[in-house]
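**Q** With the sequences and hints as input, model every part of the structure.
In the order they appear, the protein sequences are chains A and B.
Those letters in the first sequence? Residues 1 to 379, per the working numbering, in order.
Those letters in the second sequence? Residues 1 to 379, per the working numbering, in order.
Heads up, some of the hints might be wrong.
[To be verified] Rough simulated footprint, nothing fancy, chain B against chain A, three-plus residues with beta-carbon under 8 Å:
id	stretch
1	111-117
2	153-161
3	169-181
4	298-308
In case anyone wonders, no lab produced these hints; they're calculated from the structure.
Even glycine gets a Cβ: it sits at the ideal position worked out from N, Cα and C.
Number of protein chains: 2
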Amino acid sequence: MAKKARKQEKTEVTLTSRDKKTLSSLRELAGSVIDSAERGRAPFFDVPSRSLSNVRFNNSRRIIEMGSGTNRRELFNLSQAKSYMQMLLVGSGCKQLIEQGKTTSIRGLYYLLKHTIPGTREETFDEQADCDPIIEDSEVTLDALREELHLYAKSAGSMVGPIVLVDSGDEIDCSRMGSGGYTIPSIVEPEIVQFKKNQAEFILHVEKDTVWRRFNEDKFWREYNCILTHGGGQPPRGVRRMLNRLHHELKLPVYCLLDNDPWGYYIYSVIKQGSINLAYESKRMAIPAARYLGLRSIDFERCQLNPSVQIKLNDQDIKRARQIAQYPWFANKKPWQKEIELMLKNGFKLEVEALISKDISYVTEQYVPQRLDEEDFLD
Amino acid sequence: MAKKARKQEKTEVTLTSRDKKTLSSLRELAGSVIDSAERGRAPFFDVPSRSLSNVRFNNSRRIIEMGSGTNRRELFNLSQAKSYMQMLLVGSGCKQLIEQGKTTSIRGLYYLLKHTIPGTREETFDEQADCDPIIEDSEVTLDALREELHLYAKSAGSMVGPIVLVDSGDEIDCSRMGSGGYTIPSIVEPEIVQFKKNQAEFILHVEKDTVWRRFNEDKFWREYNCILTHGGGQPPRGVRRMLNRLHHELKLPVYCLLDNDPWGYYIYSVIKQGSINLAYESKRMAIPAARYLGLRSIDFERCQLNPSVQIKLNDQDIKRARQIAQYPWFANKKPWQKEIELMLKNGFKLEVEALISKDISYVTEQYVPQRLDEEDFLD
Numbered sequence: 001m002a003k004k005a006r007k008q009e010k011t012e013v014t015l016t017s018r019d020k021k022t023l024s025s026l027r028e029l030a031g032s033v034i035d036s037a038e039r040g041r042a043p044f045f046d047v048p049s050r051s052l053s054n055v056r057f058n059n060s061r062r063i064i065e066m067g068s069g070t071n072r073r074e075l076f077n078l079s080q081a082k083s084y085m086q087m088l089l090v091g092s093g094c095k096q097l098i099e100q101g102k103t104t105s106i107r108g109l110y111y112l113l114k115h116t117i118p119g120t121r122e123e124t125f126d127e128q129a130d131c132d133p134i135i136e137d138s139e140v141t142l143d144a145l146r147e148e149l150h151l152y153a154k155s156a157g158s159m160v161g162p163i164v165l166v167d168s169g170d171e172i173d174c175s176r177m178g179s180g181g182y183t184i185p186s187i188v189e190p191e192i193v194q195f196k197k198n199q200a201e202f203i204l205h206v207e208k209d210t211v212w213r214r215f216n217e218d219k220f221w222r223e224y225n226c227i228l229t230h231g232g233g234q235p236p237r238g239v240r241r242m243l244n245r246l247h248h249e250l251k252l253p254v255y256c257l258l259d260n261d262p263w264g265y266y267i268y269s270v271i272k273q274g275s276i277n278l279a280y281e282s283k284r285m286a287i288p289a290a291r292y293l294g295l296r297s298i299d300f301e302r303c304q305l306n307p308s309v310q311i312k313l314n315d316q317d318i319k320r321a322r323q324i325a326q327y328p329w330f331a332n333k334k335p336w337q338k339e340i341e342l343m344l345k346n347g348f349k350l351e352v353e354a355l356i357s358k359d360i361s362y363v364t365e366q367y368v369p370q371r372l373d374e375e376d377f378l379d
Numbered sequence: 001m002a003k004k005a006r007k008q009e010k011t012e013v014t015l016t017s018r019d020k021k022t023l024s025s026l027r028e029l030a031g032s033v034i035d036s037a038e039r040g041r042a043p044f045f046d047v048p049s050r051s052l053s054n055v056r057f058n059n060s061r062r063i064i065e066m067g068s069g070t071n072r073r074e075l076f077n078l079s080q081a082k083s084y085m086q087m088l089l090v091g092s093g094c095k096q097l098i099e100q101g102k103t104t105s106i107r108g109l110y111y112l113l114k115h116t117i118p119g120t121r122e123e124t125f126d127e128q129a130d131c132d133p134i135i136e137d138s139e140v141t142l143d144a145l146r147e148e149l150h151l152y153a154k155s156a157g158s159m160v161g162p163i164v165l166v167d168s169g170d171e172i173d174c175s176r177m178g179s180g181g182y183t184i185p186s187i188v189e190p191e192i193v194q195f196k197k198n199q200a201e202f203i204l205h206v207e208k209d210t211v212w213r214r215f216n217e218d219k220f221w222r223e224y225n226c227i228l229t230h231g232g233g234q235p236p237r238g239v240r241r242m243l244n245r246l247h248h249e250l251k252l253p254v255y256c257l258l259d260n261d262p263w264g265y266y267i268y269s270v271i272k273q274g275s276i277n278l279a280y281e282s283k284r285m286a287i288p289a290a291r292y293l294g295l296r297s298i299d300f301e302r303c304q305l306n307p308s309v310q311i312k313l314n315d316q317d318i319k320r321a322r323q324i325a326q327y328p329w330f331a332n333k334k335p336w337q338k339e340i341e342l343m344l345k346n347g348f349k350l351e352v353e354a355l356i357s358k359d360i361s362y363v364t365e366q367y368v369p370q371r372l373d374e375e376d377f378l379d
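**A** Put into structure tokens, the structure is as follows:
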């Protein structure tokens, strides 16, 4: 009986103010269909264009933004009818999730919506790849983050430091989370995660969990009074949004320790200015004031590293480096041009882990403290 | 000054009893070299063979074990000299880590040991792939888990439930860990992780974090009083070792909810009997009494699923399924033969997420409760 009682409790769902806003956007979208039908007009949506041509760098805000271009998607157009209907399906799935107070992965939403249309052999979605762009279209059309549609990505990223937060009602003291730290969830909106008490003075974001672990084991965050995060490579949305919230709400500077390679530069640019793919989320993800702490192309000489740690640049690396040098936000920064040129001249890249060849704790006891002390960053 | 004082404290390293044992094995290995030299004999190691021919299924213990075959590796043998010296290098690196009370990733160890041999153009290791098998050789030769050599793998796996544990001195209440749960670290040996208070009655292990999240969100573990874990696909060593310790030390049954495909079967067999690659770790990893809760090949009919959720088996799947059916521990189990045959006959596989097509919470409210209630498992 106790079990049943608990189950019935579950059905009472408390909608957050954000949920109500998202539901209202969803209803508006559906209402436009009814409206068109009643007025005898062909139903359509105007979907903000996610193509490269509709993305631009906003020089004053220093983030990548979407332009105002839209694509019309019509029901009575043979080439658009399917994606039109798929978008309504995605909307109805998200409405169901929000109303039930549940979340799911994009895989889960795909299965929730996948079925054979009665009387035909036509599938609503043939595979996941058919569903994913429709989800992104829905995000931009509804101006709602994926997480606000109750969809989440895989969690990949950890955090440790002198901060206490509340996650889904549980109080989490990030200074007492053992060796693994606090897993940064995919959804860190204020309705889920609140900051309760912070004593940290800055954030050190490192690329990989292996590096993070070195810093955690050496209790770097305790000595330097900072929050230590990693994103498992390219940080997922949850990690980027967490960094953004910590930076803006708690006024914490963000320093990034990434590999000295095009991928490291790219990760930095995504954290700082946002990405082209998710340009519509930049305003809540990007951190224009983030700083690049290293590794730098000068480090091979500066730190007197052994030539064995060099990894030769391949053609792909060289191509990517040249592309990145052309990004508007790097193109007019002399220190970045010098940095990228020197890497190309070096002909090799360096991983943060290469510093271990100096000493196991060289990175935590020498490299990062020196950069912080000398305020020696790239912007 | 306070900072310096703290730094000096760090140098005092407390060795655990396990550390002392590992160091003594390392000294014994090095001693054998000196011993051979002093006696004017050619130095060698006998490395337990990790080849398939030296792996067997122990019918009474129901785990995969290594046989007693060894390969001799000699210093004065042109084809073996390099790997002989590499093994001494790995040993010296691990000794350094243990004595300093630090851990690192296999990538970190590679960088720690990588250098050009003076007076030559020869590298100790050309790439990571040269170092990894030597680490595995060292594990079997020293009879020490990788974690005991102070090397760790990437953490990938979470846990939630009514259990309180201590990780690196921090008390962790796994029932109050927010939406992300407790990250299962790579090293969960008793020196690092202790179980303090347990109220759970069993463990539900699911394959993927997306499924784990559904169960966590629905507070399944609270209603059914269990520990909920996932391993991000094929569970890494830390997760397997954690399951093993929870099972053996706290006497908790383990139920596995995996995809209905050859990969799901394989994950189950690894959790249950160990893997061929890590046969030398089976005794501390395998859980012969683990049960397979689903998904099953009968579920398409039993749960009346929509044909859209079927994923056609490809040639690789069919080949793998036939191989797995021949594994000694599956070969003489009729229910498993029937299970695999039916999958092949069906011609399709099913992901756990497919159950969402019934209802978002069908898996937590119907599927798993019914299996548990009817004790309907495969062994």
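**Q** Apply the coverage criterion to the stretch 169-181 of chain A and chain B: a residue qualifies when its Cβ sits closer than 8 Å to a Cβ of the chain, and three qualifying residues are needed.
**A** holds (count 9)
**Q** Taking 8 Å as the C-beta cutoff, is the stated coverage of the stretch 111-117 of chain A by chain B satisfied by three or more residues?
**A** holds (count 5)
**Q** Within the stretch 153-161 of chain A, is the number of residues with a Cβ closer than 8 Å to a Cβ of chain B three or more?
**A** n = 3 at 8 Å, threshold three: holds.
**Q** Please count how many residues of the stretch 298-308 of chain A have a CB within 8 Å of a CB from chain B and say whether that reaches 3.
**A** It holds: at least three residues are needed, and the stretch 298-308 of chain A offers 3 whose Cβ sits within less than 8 Å of chain B.
This entry satisfies every hint, going by the numbered hints stated previously.
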